[in-house]
Amino acid sequence: MQVTQISVFLQNTAGRLAGVTKTLGEAGINIRALSIADTSDFGILRLIVDKSEEALKVLKDRGYAVSKTEVIAVRVPDKPGELSTILSLLEGTGINIEYLYAFVGRSGGDAVVVFRVEEPQRARVLLSENNIEFLDEDQINKF
Amino acid sequence: MAKRRVENLIWNRARECMDREEKQQLQLEKLQETVRRVYQKVPHYRNALQERGIGPDDIRSLADLTHLPFTAKQDLRDNYPFGMFAVPKSEIVRIHASSGTTGKPTVVAYTSRDLNNWAELVSRSLVCAGGTHEDTIQIAYGYGLFTGGLGIHYGAERLGATVVPISGGNSERQVNLMRDFGTTILACTPSYALHIAEVARESGIDIRELPLRAGIFGAEPWSDNMRKKLEAETGISAVDIYGLSEVVGPGVACMCQAKEGLHVFDDHFIPEIVDPVTGEPLPPGEEGELVFTSISKEAFPIIRYRTRDISSIIEEPCECGRTHTRIQRICGRTDDMLIIRGVNVFPSQIESVLLEIGETEPHYQLIVDRRGQMDALEVLVEVSEQMFSDKVRGLEELGQRIQHKIVSLLGVSCKVKLVEPKTIERTSGKAKRVIDKRQL
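Listed in order, the protein sequences are those of chains D and B. First residue of the first sequence: -1, per the numbering used here; consecutive thereafter. First residue of the second sequence: 178, per the numbering used here; consecutive thereafter.
Simulated from the structure, these hints should not be mistaken for laboratory data. Take these hints with a grain of salt, some might be off.
No more than 25 angstroms apart at the CA atoms, straight line, and that leaves these computed lysine-lysine pairs for BS3-like [as the list claims (entries may be wrong)]:
#1 B:K218 / B:K250
#2 B:K568 / D:K20
#3 B:K266 / B:K207
#4 B:K568 / B:K599
#5 D:K77 / D:K140
#6 B:K568 / D:K66
#7 B:K599 / D:K55
#8 D:K20 / B:K599
#9 B:K582 / B:K405
#10 B:K599 / D:K66
#11 B:K599 / D:K58
#12 D:K20 / D:K66
#13 B:K568 / D:K58
#14 B:K250 / D:K58
#15 B:K599 / B:K582
#16 B:K592 / B:K568
For each label pair, taking beta carbons as the anchor points, the in silico distance ranges come out as [to be verified]:
#17 D:L15 / B:R570: 50 to 60 angstroms
#18 D:A12 / B:I601: 13 to 23 angstroms
#19 D:N10 / B:T511: 30 to 40 angstroms
#20 B:R518 / D:A12: 30 to 40 angstroms
#21 D:V123 / B:R570: 22 to 32 angstroms
#22 D:S86 / B:R518: 47 to 57 angstroms
#23 D:E96 / B:T511: 28 to 38 angstroms
#24 B:V270 / D:A12: 47 to 57 angstroms
#25 D:P118 / B:R518: 39 to 49 angstroms
No residue lacks a Cβ here, since even glycine has one placed at the ideal position from N, Cα and C.
This is chain D alone, in the form it adopts within the complex (with noise of 0.2 angstroms):
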């Protein structure tokens, strides 16, 4: 159960953000969650949208650099303390958290954590045997 995130590649300059936005939005595709990562000369923008394949079309014919990378989405209850569980429960078998970022449903109550690591079989085993629930492509457009 894989989900599929859109990086796209920015300069740190005005207006490049909106670019990207302005153009999912005209090609009718909506942003489910986001996070940049950034350094002084460019950011990182990482996307989760509805339609993958198009959003890497649109952007691609627009002239961005993109490329698609399998994450991990699991849903956690929206209460204090559950990420650390899950955070907890990685560390301690020493897999590598590259990046992670977390949003929260339309009805409330669960949120939605994305991570990348290192080791992702390793991961997903050992989530699934702790009981985390994993979330596919239509689940997260759902949620």
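Add chain B to chain D, keeping to what the hints say.
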């Protein structure tokens, strides 16, 4: 490894494979005739020769060439527009001119015999590139006052090839016609060839599956690495054609299928390499400024023209059988050469680093600035799809790797900045590789 077989097509075997001693005799006679003519017909040359106490009869051997005065671009500007012409205007059938972005335009002229010779030299070049009368040649050099388009055009017609005079620009159309007309040879600047390949890729056309098989690229300096990359990406055989309007236009020299330097058509132009500072002649193999003397031109003869291009002479005859003097491909220009903190830097060196990294499209720009007393070099590199990573660390490491290589090659520190695709200016003409903001 067995020696590579070289396709041995030669356009004008009698002249191009001429015995070298015979050629020197021919060169001497034509040089004497040229000097005599400019002395009689062009006041600028008569004055310059008289200042040095030289008359037309003082050229007794080819070695006497070095006693003749140099001609610089400024001399052509000072004699704007027609002061350097050696024939009455009624005999001139064509005029070309440089854009004149850095001053008055440089104006050059051709008699009908000049055009005839020029077409012959371009035919020789196209045959060097592997062309025959069976080819369809797409000419994506600009047509007009620039010598590129019309220069290649008449040579391609002389060869008997099918000419597609599309001129520069409109890259999608270039790709479409290339496919629809079955173009086999592309003629343009190397940076524009890369651009066309990029546009083809974006429209889902694989150039390697088209009939295109060769490219004849020039009008800007490029590197052997870039040639190999172009060849690998497009599946064609690419050669470097050299020329400048002051000497004739494209077709002064061209690379053959051996791809070891460029053949100078030395039955029409005598090449020399001189020290760019002292003007002293340099021996074969040594790098310096390329200087040309025309020995067959009627309308616009030129004596010892300082090209500002840097090259060196290869004396050994080429394995292809042509006996011309060869030059190494141009590795920069004396006025394009950057001196950064006392170190000579050529944009083509940065390019070779980027290609060596293997992951980068060679779209880059050097920005030189002076902060306090120190020069600062910043290299902008466009992030291509294949080098892009969703991890910050991956991109930072790539930037550092490029930076390390540049520092170790040039001995100059620099800052590498990754930028978005297509943000570095490129046009159908020459790529803008350097922005020098220093007020020196």
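Verification of the hints:
Of the supplied pair hints, the one linking B:K218 and B:K250 holds, its CA atoms being roughly 19 angstroms apart against a limit of 25 angstroms. Pair hint B:K568 plus D:K20 holds up; C-alpha atoms about 24 angstroms apart against a cutoff of 25 angstroms. At roughly 23 angstroms between alpha-carbon atoms, B:K266 and B:K207 fall within 25 angstroms of each other, so this suggested pair holds. Of the pairs offered as hints, the one joining B:K568 and B:K599 holds, with about 21 angstroms between alpha carbons and a cut-off of 25 angstroms not exceeded.
Taking the CA atoms of D:K77 and D:K140, the gap is near 21 angstroms; set against the 25 angstroms cutoff, the hint holds. Between the alpha carbons of B:K568 and D:K66 the distance comes to roughly 12 angstroms, so the proposed pair stays at or under 25 angstroms and holds. For a cut-off of 25 angstroms, the pair hint linking B:K599 to D:K55 stands: about 17 angstroms separates their Cα positions. For the suggested pair D:K20 and B:K599, the alpha carbons sit about 19 angstroms apart, so the restraint of at most 25 angstroms is met.
For the proposed pair B:K582 and B:K405, the alpha carbon gap of about 20 angstroms is at most 25 angstroms, so the pair holds. Of the pairs offered as hints, the one joining B:K599 and D:K66 holds, with about 20 angstroms between alpha carbons and a cut-off of 25 angstroms not exceeded. A C-alpha spacing of about 12 angstroms is found between B:K599 and D:K58, which places the hinted pair at or below 25 angstroms, so the restraint holds. With a CA separation close to 19 angstroms, the supplied pair D:K20 and D:K66 stays within the 25 angstroms bound.
A hinted pair counts as satisfied when its Cα atoms are at most 25 angstroms apart, and B:K568 with D:K58 qualifies at roughly 19 angstroms. Using a Cα cut-off of 25 angstroms, the hinted pair B:K250 and D:K58 is violated, with the two alpha carbons roughly 45 angstroms apart. Using a Cα cut-off of 25 angstroms, the hinted pair B:K599 and B:K582 holds, with the two alpha carbons roughly 24 angstroms apart. For the given pair, B:K592 sits about 20 angstroms from B:K568 by alpha-carbon distance, which is consistent with the 25 angstroms threshold.
Under the hint 50 to 60 angstroms, the C-beta atoms of D:L15 and B:R570, about 21 angstroms apart, miss the expected range. Take D:A12 and B:I601: their Cβ atoms lie about 18 angstroms apart, and the range 13 to 23 angstroms holds. Hint check: D:N10 to B:T511, Cβ distance near 37 angstroms, so the stated range 30 to 40 angstroms holds. Range check, B:R518 to D:A12: about 32 angstroms between beta-carbon atoms, so the 30 to 40 angstroms window is met.
The hint said 22 to 32 angstroms for the Cβ distance between D:V123 and B:R570, and at roughly 25 angstroms that hint holds. For the pair D:S86 and B:R518, the beta carbons lie near 52 angstroms from each other, so the given range of 47 to 57 angstroms is met. Between D:E96 and B:T511 the beta carbons are some 49 angstroms apart, a value that contradicts the proposed interval 28 to 38 angstroms. A C-beta distance of roughly 54 angstroms is found between B:V270 and D:A12, which places it inside the suggested range of 47 to 57 angstroms.
Roughly 47 angstroms separates the CB atoms of D:P118 and B:R518, a value that falls within the hinted 39 to 49 angstroms.
Consistency with the previously given hints fails for numbers 14, 17, 23, ordered from lowest to highest.
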